[in-house]
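Chemist: Read top to bottom, the protein sequences are chains G and U.
Heads up: the first sequence at position 13 corresponds to 13 in full-length UniProt numbering, and the numbers run straight through without jumps.
Heads up: the second sequence at position 106 corresponds to 106 in full-length UniProt numbering, and the numbers run straight through without jumps.
Keep in mind the hints are simulated off the structure, nothing from the lab.
Cβ atoms here follow ideal geometry from the backbone N, Cα and C, with glycine treated the same way.
Hints are supplied without guarantee of correctness; some may be wrong.
List of simulated lysine-lysine pairs, BS3-like, C-alpha gap at most 27 Å [stated by the list, open to error]:
(1) G:LYS168 - U:LYS105
(2) U:LYS105 - U:LYS42
(3) G:LYS157 - U:LYS28
(4) U:LYS14 - G:LYS157
(5) G:LYS45 - U:LYS14
(6) G:LYS46 - G:LYS302
(7) G:LYS303 - G:LYS45
(8) U:LYS23 - U:LYS47
(9) G:LYS167 - U:LYS23
(10) U:LYS105 - G:LYS157
(11) G:LYS46 - U:LYS110
(12) U:LYS32 - U:LYS14
(13) U:LYS42 - G:LYS167
(14) U:LYS110 - G:LYS45
(15) U:LYS51 - G:LYS45
(16) G:LYS303 - G:LYS46
(17) U:LYS51 - G:LYS168
(18) U:LYS105 - G:LYS46
(19) U:LYS28 - G:LYS167
(20) G:LYS167 - U:LYS82
(21) U:LYS14 - U:LYS42
(22) U:LYS23 - U:LYS105
(23) U:LYS42 - G:LYS168
(24) U:LYS14 - G:LYS168
(25) G:LYS189 - G:LYS303
(26) U:LYS32 - U:LYS42
(27) U:LYS47 - G:LYS167
(28) G:LYS167 - U:LYS14
(29) U:LYS82 - U:LYS28
(30) U:LYS47 - G:LYS46
Label pairs and their in silico Cβ distance ranges [said to hold, decoys possible]:
(31) U:VAL26 - G:HIS284: 38 to 48 Å
(32) U:GLY15 - G:GLY330: 19 to 29 Å
(33) G:PHE64 - U:ASP35: 19 to 29 Å
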Amino acid sequence: MNEVGIDSASSLHTSESIGEAPVLRPVSVRAKCSSNVQSTPEIEKKYVHGVYDAIAPHFSSTRFAKWPKVSAFLNSLSPGSLILDAGCGNGKYLGLNPDCFFIGCDISAALINICTDRGHEVLVADAVNLPYRTGYGDAAISIAVLHHLSTEDRRRKAVEELVRVVKKGGSVLITVWAREQEDRSLIEKWTPLNQRYVEEWIGPGSPRVRNPSSPRILESIPEAEENSAGERLKDRHANSSKVKLAEVMNSISLDEGNSSAPAGSEKGYAEQQEYFVPWHLPYHRAEVSGASAVALASGLAKKDDKKGSVVYNRYYHVFSEGELERLVSGLDNAILVDRFYDKSNWCIILEKTS
Amino acid sequence: MRLLTHNMLSSNIKGVANGFPLKIEVVKVVEKEVDFNIDFLKNMFHKVEWKALVEASTTMGYAELPENADATMLDSDDFLHKFHHALLELHLEEGALVCPQTGRKFPVQKGIPNMLLHEDEV
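The following block holds chain G by itself, in its conformation from the complex (with noise of 0.2 Å):
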């Protein structure tokens, strides 16, 4: 693996960090609450975890697919390394290298209990606060999980966690959804979250959701119907900014080792970034599980009679070309071994060198 330079990136921090500048707001709660990078916002309490919570047994019966990219970098570490999976969802990782022994942990009781079901080493635990040991590992894994933390402290957090519990030498895989996705008529299936909703739920310090020309109520976001929200989507919010997508998309290559960002393309970038991503749960397996019932009268699903499914809303932050790499510059005890575009993903290799 060669090292990839990072200057470039690390030279867009400044622009990246205009946010979080002390801002005057209303004092509430929730804010209070993510004052502490440890502590869970309420948007992932209710939006990721009780989501998945929810939706474990079917969201797994989807999830059986290995990416070939995971696979070949948990097939390239050493007989006999220990891979800490960290948000291992229903464990389909766990055990990929039968010459490695493999522990998962996953926020989700419901996921956690997917995998012991299965026979992998287990525990329920914060991807952002991990309770292990320092350097225990000899490799660590974080595959479509810091998609899911809310504010960017959170995700920088995850990711020093991911290192330091690696021993020197050892690396870590990091894999999120990328804003840049390769079937772009997905995103208009999305709830894009607007300004005042991700403020009040996320905060100021929340990167690059500057779009107050494009106002959703707060009570309005958790309507997941795909048509009404694509129209609505396609009258107030994408029109201009889909066709700077397809311009970003058409001017990058997507192919591996290919992924440097040409000078000033953020400007060009559709600026969205936090969203609801609808989860259809169909009635057949709605009706198995009775947490359903409790998530459509508290208003966190919604029924779509013409699909036959309980919707459920996952909170989303796809991340931009760069940001990944943006997010690790500041480590001073790992670098970037690799990075690369695969299957509407962002991913990078870390080693850990001290």
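We have chain G already, so just place chain U on it with the hints.
Modeler: Frame of chain G; chain U shown alone:
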């Protein structure tokens, strides 16, 4: 929960300086056979806090590990098999892990430790 995991876990409650090792409260221990992987044992030997493993193993009802161990013992099949058994084949199925500094108990149910902290612990 295997003792491999116990040897990694550390109480991360805010303000706790020495969260390792967690004390084990045993309600139920089960044993499950695991394939012998000598590369893994030799790798982990250098990372495992031996004293913590011996104590945990004894608490779980397996007292065959030597009080002290050094790398030369990795040449002994007998030693490797005992190490293997303690590290990977003993499971705490029901019980708790106790923070050595605060006494806070983390439950272990169906073999799964729940290490999540309360709001006032982070």
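Chemist: Give a verdict on every hint.
Modeler: Against the structure, the hints:
1. G:LYS168 - U:LYS105: violated, 31 Å
2. U:LYS105 - U:LYS42: violated, 32 Å
3. G:LYS157 - U:LYS28: With Cα atoms ~36 Å apart, G:LYS157 and U:LYS28 exceed 27 Å; violated.
4. U:LYS14 - G:LYS157: holds, 15 Å
5. G:LYS45 - U:LYS14: Holds: G:LYS45 and U:LYS14 sit about 20 Å apart, inside 27 Å.
6. G:LYS46 - G:LYS302: Satisfied, since the Cα-Cα distance of roughly 14 Å is no more than 27 Å.
7. G:LYS303 - G:LYS45: Given that 27 Å is the threshold and the Cα spacing comes to 21 Å, the pair holds.
8. U:LYS23 - U:LYS47: holds, 19 Å
9. G:LYS167 - U:LYS23: Distance ~24 Å between G:LYS167 and U:LYS23 Cα, so the pair holds.
10. U:LYS105 - G:LYS157: Status holds; Cα separation ~25 Å.
11. G:LYS46 - U:LYS110: holds, 26 Å
12. U:LYS32 - U:LYS14: violated, 35 Å
13. U:LYS42 - G:LYS167: OK: U:LYS42 and G:LYS167 at ~15 Å, within 27 Å.
14. U:LYS110 - G:LYS45: holds, 24 Å
15. U:LYS51 - G:LYS45: violated, 38 Å
16. G:LYS303 - G:LYS46: holds, 18 Å
17. U:LYS51 - G:LYS168: holds, 23 Å
18. U:LYS105 - G:LYS46: holds, 26 Å
19. U:LYS28 - G:LYS167: Not satisfied, since the Cα-Cα distance of roughly 32 Å exceeds 27 Å.
20. G:LYS167 - U:LYS82: Cα-Cα ~25 Å, so holds.
21. U:LYS14 - U:LYS42: Since the Cα atoms of U:LYS14 and U:LYS42 sit roughly 34 Å apart, the hinted pair is violated (cutoff 27 Å).
22. U:LYS23 - U:LYS105: holds, 9 Å
23. U:LYS42 - G:LYS168: Judged against 27 Å, a Cα distance of about 17 Å means the pair holds.
24. U:LYS14 - G:LYS168: Roughly 25 Å separates the two Cα atoms, so the pair holds.
25. G:LYS189 - G:LYS303: Holds, at roughly 16 Å.
26. U:LYS32 - U:LYS42: Holds, at about 21 Å.
27. U:LYS47 - G:LYS167: holds, 9 Å
28. G:LYS167 - U:LYS14: holds, 24 Å
29. U:LYS82 - U:LYS28: holds, 21 Å
30. U:LYS47 - G:LYS46: violated, 38 Å
31. U:VAL26 - G:HIS284: 38 to 48 Å: Given a distance of about 42 Å, which is inside 38 to 48 Å, the answer is holds.
32. U:GLY15 - G:GLY330: 19 to 29 Å: holds, 25 Å
33. G:PHE64 - U:ASP35: 19 to 29 Å: Roughly 23 Å apart at Cβ, these two residues keep to the hinted range, so it holds.
The structure does not agree with the numbered hints 1, 2, 3, 12, 15, 19, 21 and 30 stated previously, though it agrees with the rest.
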